[in-house]
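Chemist: For reference, the chains in residue letters:
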Amino acid sequence: MAKIQLNGKKLKIQRNLTINELVKKYKLKEDKVAIELNGTILPKHVYKKKKIKNNDKIEIVQFIGGG
Amino acid sequence: MKKEIFKVGSQIIKSRLIVGTGKYKNFKQTAEAVKASGADMVTVAVRRVNILDKKKPVLMDYLNPKKIIYLPNTAGCFTSEDALRTLRLAREMGGWKLVKLEVLGDKKTLYPNMIETLKSTKVLVKEGFRVMVYCSDDPIIAKKLEDLGASAIMPLASPIGSGRGIRNKLNLSIIIKNCKVPVIVDAGIGTASDATIAMELGCDGVLINTAIAKAKNPIMMAKSMKHAVIAGRQSYLAGRIKIQKYGNPSSPNKGLI
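Going down the list, the protein sequences come from chains D and U. For what it's worth, numbering that gives the first Met the number 0 labels the leading residue of the first sequence as 0, then goes sequentially. For what it's worth, numbering that gives the first Met the number 0 labels the leading residue of the second sequence as 0, then goes sequentially.
Calculated from the structure, these hints are not laboratory results. A couple of the hints might just be wrong.
[What the hints assert, rightly or not] What the simulated footprint calls covered on chain D by chain U, stretch by stretch (three residues with Cβ under 8 angstroms from a Cβ of chain U suffice, anywhere in the stretch; the number is not a length): (1) 12-21; (2) 54-65.
[What the hints assert, rightly or not] With a Cα cut of at most 25 angstroms, we get these calculated DSS-like pairs of lysine-lysine: (3) U:55 - D:31; (4) U:118 - D:47; (5) U:222 - U:24; (6) U:66 - D:28; (7) D:31 - U:66; (8) D:26 - U:142; (9) D:31 - U:118; (10) U:34 - D:31; (11) D:11 - U:118; (12) D:8 - U:34; (13) U:66 - U:34; (14) D:11 - U:142; (15) U:54 - D:43; (16) U:55 - D:8; (17) D:43 - U:55; (18) D:52 - D:9; (19) D:56 - D:9; (20) U:142 - U:118; (21) D:49 - U:53.
[Unchecked claim] The calculated label-pair distances, taken between Cβ atoms and stated as ranges, are: (22) U:55 - D:56: 20 to 30 angstroms; (23) U:143 - D:2: 42 to 52 angstroms; (24) D:56 - U:176: 14 to 24 angstroms.
C-beta atoms are modelled at their ideal positions from N, C-alpha and C, and glycine is treated no differently.
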């Protein structure tokens, strides 16, 4: 298992999970989110290749209502 | 009369009323209000996904970004760094380059921090964003933003969500006169007449959120704002009469019995 921080929450996830797999795990749609890995914004084309490591900090954001 | 075109950068916007999508009861009501307002551009915020609730509704399922122009904002950001991070994420989400920059300076008044705003505008323009900038109603700052490459200037009418209406007509009219890019009055509109006054001053558009979302009947208020903005624009274009000191009869005196 890998210990990560996802949207401020400490979680344990399966080792070597890709970003793409993480997106699917949380039933999110790739075109409706943006992802930051350890402070760096990930381009969508790397989601399939990028593997999540121990102690990674991930932020997944989306659009919500706002003025 | 020649058909008017309202454009920000290269983006044509059909409605001069832009609406915010915050503070509604739910996304269904948001979508209904947007439809009633006739707006084709809406502001949206960038926030963390709630990973604990996989079934939570998503704004995009109610407002299709292929049909409505999304204008990502930086609401809630108090530093240039946070604002830049937010808009870079928005761009990555789906290529949004036309954005609304808003860097707040104070939690109570929600007045913008213009030092951080100017700094952010410069960086964003350099990175290829087209930036619509929420700002104070200072004509000098507004001009400076335009010089830095802002695509639209968005001075406040009064504090965000206050519903106080237009507090400084003079400053707004100076900003409108000085700016070559569109001027959109943002924040503080409370009711339809406020929107009309803003448009009568010669603004290119108005951005409204709270006054619609928090009205007793948001859908009816959305319609009202749509008409108010159209009325104000047409009144501005039609050219109002001169204000006279004394009365001037509407019926001719000739032929009086």
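Chemist: Each hint needs a verdict: does it hold in this structure or not?
Modeler: Verification of the hints:
no.	hint	verdict
1	12-21	violated (count 0)
2	54-65	holds (count 8)
3	U:55 - D:31	holds (13 angstroms)
4	U:118 - D:47	violated (36 angstroms)
5	U:222 - U:24	holds (18 angstroms)
6	U:66 - D:28	holds (19 angstroms)
7	D:31 - U:66	holds (15 angstroms)
8	D:26 - U:142	violated (46 angstroms)
9	D:31 - U:118	violated (29 angstroms)
10	U:34 - D:31	holds (22 angstroms)
11	D:11 - U:118	violated (39 angstroms)
12	D:8 - U:34	violated (37 angstroms)
13	U:66 - U:34	holds (11 angstroms)
14	D:11 - U:142	violated (51 angstroms)
15	U:54 - D:43	holds (23 angstroms)
16	U:55 - D:8	holds (18 angstroms)
17	D:43 - U:55	holds (23 angstroms)
18	D:52 - D:9	holds (14 angstroms)
19	D:56 - D:9	holds (9 angstroms)
20	U:142 - U:118	holds (14 angstroms)
21	D:49 - U:53	holds (23 angstroms)
22	U:55 - D:56: 20 to 30 angstroms	holds (22 angstroms)
23	U:143 - D:2: 42 to 52 angstroms	holds (47 angstroms)
24	D:56 - U:176: 14 to 24 angstroms	violated (49 angstroms)
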